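Based on the hints, put chain B in the right spot on chain A.
These protein sequences, in sequence, are chains A and B. All the letters of the first sequence, read from the start, carry residue numbers 1 to 62 under the working numbering. All the letters of the second sequence, read from the start, carry residue numbers 63 to 192 under the working numbering.
The set of hints was computed from the structure by calculation and includes no laboratory data. None of these values were measured; they are calculated from a predicted model. Errors might be hidden in some of the hints.
Which residues of chain A face chain B? A few of them, derived with a C-beta cut under 10 Å, are [stated by the list, open to error]: (1) A20; (2) L23; (3) N24; (4) V25; (5) S26; (6) N31; (7) A32; (8) T35; (9) K37; (10) S41; (11) P43; (12) A62.
Pulled from the structure, derived: some chain A residues nowhere near chain B, Cβ distances all over 12 Å [unchecked claim]: (13) R6; (14) Q7; (15) R9; (16) P40; (17) L51; (18) F52; (19) R54; (20) I56; (21) E57; (22) E58; (23) F60.
Built from N, CA and C at the ideal position, the CB exists for glycine as well.
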Amino acid sequence: MKNCLRQLRAERGWSQGELAARLNVSRQTVNALETEKYDPSLPLAFRIAKLFGRRIEEIFEA
Amino acid sequence: MVQKNPFIVGGPRLFALIVLYVILVIGGVVLAASLERGSPARIAVAVVQGLIVTAFVVALFVSIRQLDEMEQRIQHEAMAMALAGTIIVVTGYGYLERAGLPAVQWGLWVYPLVFLFWALAYGFVVRRYR
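Bound-form chain A, shown alone (with noise of 0.2 Å):
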């Protein structure tokens, strides 16, 4: 699932570390996020999407 969670970062200054602190989950699972390599559950999708203020929809494409 392709996702623009790379840029929502970049865009707000955060390190891997800090979003994956925001978000409770490891570092490595905001990077396979980041490289699409794991798609989050709808829960971790709905707590990304509510961090960064947009819909679901508006940060992952299927």
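Relative to the frame of chain A, chain B by itself:
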């Protein structure tokens, strides 16, 4: 709270648990060897060894439940592969035993076999997500 992968070397909590487990199991084997086979004392030692194994497995599963969703998924895939590998080896050798190869005490070997396959499978699965 997100914990580090329990298989990463340097994870102090699980490492300490593994060391304690090995000491207790080896100590139990040494102690059991000095006791008469079938005696209540030796049976009691065997029961304690079984409880130690149970405690270790429970601790491992609690540790996995503290991981984040991707790490849990990796562990679950690795566990499924370990189960498949163990079934193949144990059942496959079972047929060979019936064909005349030496009998193996699987009660003792299944446990380390599962963990060997689990560690190997983890190394394989984690590469897909890194």
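We went through each hint and held it up to the structure:
1. Taken as an interface hint, A/A20 checks out: its beta carbon lies about 8 Å from the nearest beta carbon of chain B, inside 10 Å.
2. Given the 10 Å rule on beta carbons, the hint for A/L23 holds: about 9 Å separates it from the nearest Cβ of chain B.
3. Among the interface hints, the one on A/N24 holds; its C-beta lies about 6 Å from the nearest C-beta in chain B, closer than the 10 Å criterion.
4. At its closest, the beta carbon of A/V25 sits 4 Å from a beta carbon of chain B; the interface hint therefore holds under the 10 Å criterion.
5. Proximity of A/S26 to chain B holds as hinted, the smallest CB-CB distance being about 5 Å (cut-off 10 Å).
6. Evaluation of the A/N31 hint against chain B yields a held restraint, the C-beta minimum of about 8 Å falling below 10 Å.
7. About 5 Å separates the beta-carbon of A/A32 from the nearest beta-carbon of chain B, less than 10 Å, and the hint is met.
8. For A/T35, the interface hint holds, since its Cβ comes within 10 Å of a Cβ in chain B; the closest pair sits about 9 Å apart.
9. Contact between A/K37 and chain B, as hinted, is supported at the beta carbon level, the nearest pair being about 5 Å apart and thus within 10 Å.
10. With a cut of 10 Å, the hint placing A/S41 at the interface with chain B holds, because the nearest CB-to-CB distance is about 5 Å.
11. Hint status for A/P43: holds, given a least beta-carbon distance of 8 Å to chain B, under 10 Å.
12. Hint status for A/A62: violated, given a least beta-carbon distance of 19 Å to chain B, over 10 Å.
13. Under the 12 Å C-beta cut-off, the non-interface status given to A/R6 relative to chain B holds; the minimum distance is some 16 Å.
14. Residue placement check: A/Q7 keeps its beta carbon more than 12 Å from all beta carbons of chain B (closest about 21 Å).
15. Once the 12 Å rule is applied to beta carbons, A/R9 is consistent with being away from chain B; the minimum gap is 17 Å.
16. Against chain B, the non-interface label of A/P40 is violated: not every CB pair exceeds 12 Å, the least being about 7 Å.
17. With a minimum CB-CB distance of about 15 Å to chain B, A/L51 clears the 12 Å threshold, and the non-interface call stands.
18. Residue-level check passed: A/F52 sits 18 Å from the nearest beta carbon of chain B, beyond 12 Å.
19. Listed as a non-interface residue, A/R54 keeps its Cβ farther than 12 Å from every Cβ of chain B; the least gap is roughly 20 Å.
20. No Cβ of chain B comes within 12 Å of the Cβ of A/I56; the nearest lies about 16 Å off, and the non-interface call holds.
21. Distance to chain B confirms A/E57 as a non-interface residue, since its nearest Cβ pair spans about 20 Å, more than 12 Å.
22. No Cβ of chain B approaches the Cβ of A/E58 within 12 Å, the least distance being about 22 Å, so the stated non-interface status holds.
23. The non-interface label for A/F60 is consistent with chain B: the shortest C-beta to C-beta separation is roughly 15 Å, beyond 12 Å.
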